[in-house]
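Participant: Quick note: the sequence shown uses the UniProt record's numbering, first residue 1, plus one each step.
Hints listed in this document are in silico derivations from the structure and should not be mistaken for laboratory results.
One or more of the hints may lead you astray.
Just the calculated beta-carbon pair ranges, DEER-fashion [to be verified]:
(1) 9 <-> 88: 37 to 43 Å
(2) 44 <-> 82: 27 to 33 Å
(3) 10 <-> 151: 25 to 31 Å
(4) 168 <-> 75: 16 to 22 Å
(5) 86 <-> 160: 24 to 30 Å
(6) 132 <-> 154: 29 to 35 Å
(7) 37 <-> 86: 32 to 38 Å
(8) 190 <-> 154: 20 to 26 Å
(9) 155 <-> 191: 16 to 22 Å
(10) 40 <-> 62: 32 to 38 Å
Since the structure is predicted, the reported quantities are computational estimates derived from the model, not experimental observations.
Every residue gets a Cβ at the ideal spot worked out from N, C-alpha and C, and that includes glycine.
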Amino acid sequence: IAELDLQASFTHVIVPKRHAAAFLRAKIQNTSPVNMRSGEVNLTVDGTCFGKTNVPSCVRNEFFELNLGVDRFVKVAYKEPGITLSKIDEFLELTITYFKATCKIKNTRDHAVNVLVLDQVPVNVDDHFDVEILTPETLGFPGDKVDLTEPGKPGTKTAELGRDGEVRWEVTLEPDEEIELDLRYSIEAPFEKWGRDFPVPVAK
Numbered sequence: 001i002a003e004l005d006l007q008a009s010f011t012h013v014i015v016p017k018r019h020a021a022a023f024l025r026a027k028i029q030n031t032s033p034v035n036m037r038s039g040e041v042n043l044t045v046d047g048t049c050f051g052k053t054n055v056p057s058c059v060r061n062e063f064f065e066l067n068l069g070v071d072r073f074v075k076v077a078y079k080e081p082g083i084t085l086s087k088i089d090e091f092l093e094l095t096i097t098y099f100k101a102t103c104k105i106k107n108t109r110d111h112a113v114n115v116l117v118l119d120q121v122p123v124n125v126d127d128h129f130d131v132e133i134l135t136p137e138t139l140g141f142p143g144d145k146v147d148l149t150e151p152g153k154p155g156t157k158t159a160e161l162g163r164d165g166e167v168r169w170e171v172t173l174e175p176d177e178e179i180e181l182d183l184r185y186s187i188e189a190p191f192e193k194w195g196r197d198f199p200v201p202v203a204k
C-alpha cells in the first residue's frame with residue numbers, strides 16, 4: 001500500500017443532447033518511480049475526497065484517465081435542435097429547413113475551468129440530402145477547425161468538425177463566466193424524400 005502524489009489536468013466534458021451536466025475528467029501522469037497496477041484506490045483532489053475508484057494499470061511516465069462524476073458547480077442548460085425556418089424551392093423541388101440548438105454553460109467556481117462540449121448534426125444519408133453547418137462558420141469537412149477566441153479575453157475557444165457530424169468546442173471559462181454555444185445547420189432535401197427517408201432531422 002502506497003500514497004502517491006500525482007499531477008493531473010482536468011476537463012469538464014459535456015454531451016448536452018444526452019445529459020445537461022458537466023462531467024469532470026482527470027488526465028493523470030504516473031510520475032511515481034513504480035509501475036501502477038490496476039485496482040481500487042482512495043482518491044483525493046485538492047483536499048477533497050472523491051472516495052474509492054478503480055484505476056487502470058499504468059507504467060511510469062505514462063498517462064491514464066479517470067471520470068470523477070458530475071461537477072454541480074459548472075451549470076449546463078440545453079435547448080434541443082428546433083426548426084427556425086423552412087423554405088420551399090418549387091423550381092428545384094427542394095425543401096430547405098434550418099435548425100438551431102443552444103448550449104449555455106456557466107462556471108460558478110472560483111477558478112478557470114476547461115470545457116469540452118460535444119454535439120452533432122445529421123449526416124448525409126445519400127446524395128439527395130445536403131447538410132450544411134452554418135454556425136460555427138467554416139466547418140465544412142471533418143478536420144476543419146476554427147478559432148473563436150475573443151481578442152483581449154483570457155483563455156481559448158475553438159470549434160472543430162469531427163467524423164459522423166460531431167461538432168466539438170473546447171473552451172476556457174473564467175470564474176463566474178457564462179457562454180452560449182449555438183449550433184445552426186440546414187438540411188436540403190427533395191420534396192418526396194423529406195420526412196420519409198430522413199424522418200428524424202436531428203442526431204440521436
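Participant: If a hint holds in the structure, say so; if it does not, say that too.
Facilitator: Here's how the hints hold up against the structure:
1. Evaluation of the 37 to 43 Å hint for residue 9 and residue 88 yields a failure: the beta carbon distance comes to about 50 Å.
2. Taken as a hint, the range 27 to 33 Å is violated for the pair residue 44 and residue 82, whose Cβ atoms sit roughly 43 Å apart.
3. Checked against the hint of 25 to 31 Å, the pair residue 10 and residue 151 passes, with Cβ atoms roughly 26 Å apart.
4. At roughly 20 Å, the beta carbons of residue 168 and residue 75 sit within the given window of 16 to 22 Å.
5. Against the hinted window of 24 to 30 Å, the Cβ-Cβ separation of residue 86 and residue 160 comes to about 29 Å, which satisfies the hint.
6. Take residue 132 and residue 154: their Cβ atoms lie about 33 Å apart, and the range 29 to 35 Å holds.
7. Against the hinted window of 32 to 38 Å, the Cβ-Cβ separation of residue 37 and residue 86 comes to about 58 Å, which falls outside the hint.
8. Look at residue 190 against residue 154: about 48 Å separates their beta carbons, and that is not inside 20 to 26 Å.
9. Separated by about 46 Å at the C-beta atoms, residue 155 and residue 191 break the suggested range of 16 to 22 Å.
10. Look at residue 40 against residue 62: about 20 Å separates their beta carbons, and that is not inside 32 to 38 Å.
Of the numbered hints listed earlier, those contradicted by the structure are 1, 2, 7, 8, 9 and 10.
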